[in-house]
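K.L.:
Sequence:
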Amino acid sequence: MSSKMLSVVIALCMSAGMNVCAQKNTQTADAPGLHVDIPTKLDKANVVVDLGHLVFGGDQPFALGDIHLLSNDLREWNATGQVIVIFHGDAAYLVLNDETYNATRRVTTGNPYKGLLNGLMRKGCNLSCEAPPQREIIGVTPTFFLG
Numbered sequence: 000m001s002s003k004m005l006s007v008v009i010a011l012c013m014s015a016g017m018n019v020c021a022q023k024n025t026q027t028a029d030a031p032g033l034h035v036d037i038p039t040k041l042d043k044a045n046v047v048v049d050l051g052h053l054v055f056g057g058d059q060p061f062a063l064g065d066i067h068l069l070s071n072d073l074r075e076w077n078a079t080g081q082v083i084v085i086f087h088g089d090a091a092y093l094v095l096n097d098e099t100y101n102a103t104r105r106v107t108t109g110n111p112y113k114g115l116l117n118g119l120m121r122k123g124c125n126l127s128c129e130a131p132p133q134r135e136i137i138g139v140t141p142t143f144f145l146g
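Under numbering that gives the first Met the number 0, the residue at position 86 of the sequence shown is numbered 85, and the numbers go up by one with no gaps.
Hints are supplied without guarantee of correctness; some may be wrong.
Claimed, not checked - For lysine-lysine, the following DSS-like pairs were computed, each having C-alpha atoms within a straight-line distance of at most 30 Å:
(1) K122 - K40
(2) K122 - K43
(3) K43 - K113
Unchecked claim - Have a look at the derived ranges for each label pair, beta carbon to beta carbon:
(4) D42 - T107: 42 to 50 Å
(5) R105 - P38: 46 to 54 Å
(6) K43 - T107: 39 to 47 Å
(7) R105 - N77: 38 to 46 Å
(8) D42 - R105: 44 to 52 Å
Simulated from the structure, these hints should not be mistaken for lab results. Small disclaimer: the values here were computed from a predicted structure and weren't measured. Here a beta-carbon is modelled for each residue, glycine too, at the ideal position from N, C-alpha and C.
All chains should be modelled from the sequences, with the hints used to inform the complete structure.
P.N.:
In structure tokens form, the structure reads like this:
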């Protein structure tokens, strides 16, 4: 077989292979994804959320949205138990009162998360700050925290 003929055969094989791959990719893209929907309703739930590192979704800490959804679900289900959120590390400043928040974050706006956190407390969530007292950012008395 000549080199020209060999080149043509290789090109045809490659072309056929690319068509097969393209068809498989199209079929995969058109196929519905895996969807699992298992309804869950808890009668009792004791949940502890360890919030020591913040991940933001826009301007809001992502975890606070999830905690809000969780507390709503537990209330709708009339579940017994409690949700406890422990703030520490770089997330501890979220629970500061306005005056301490302003001094710590060097702003004049007050704590922008206060309303959301007070709403969680009204829904029965318990908030706790486990910051060591030697950290200047947190302060040393409970009066520095939301109430």
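K.L.:
Between K43 and T107, does the beta-carbon spacing fit 39 to 47 Å?
P.N.:
Check passed, 44 Å falls within 39 to 47 Å.
K.L.:
Take a quick look at whether K122 and K43 sit within 30 Å of each other, Cα to Cα.
P.N.:
Judged against 30 Å, a Cα distance of about 16 Å means the pair holds.
K.L.:
Compare the distance between the alpha carbons of K122 and K40 with 30 Å, and conclude whether the hinted pair is satisfied.
P.N.:
holds (18 Å)
K.L.:
Against the range 44 to 52 Å, how does the distance between the Cβ atoms of D42 and R105 compare: consistent or not?
P.N.:
Hint holds: Cβ distance 47 Å, inside 44 to 52 Å.
K.L.:
Lying within 46 to 54 Å: is that true of the beta-carbon distance R105 to P38?
P.N.:
holds (47 Å)
K.L.:
Lying within 42 to 50 Å: is that true of the beta-carbon distance D42 to T107?
P.N.:
holds (47 Å)
K.L.:
Would the hint linking K43 and K113 be met if the CA-CA limit is 30 Å?
P.N.:
Within the cut-off at roughly 28 Å; holds.
K.L.:
Indicate whether the distance between the beta carbons of R105 and N77 respects the range 38 to 46 Å.
P.N.:
Since the Cβ atoms of R105 and N77 sit about 44 Å apart, the hinted range of 38 to 46 Å holds.
Checked against the numbered hints above, the structure violates none of them.
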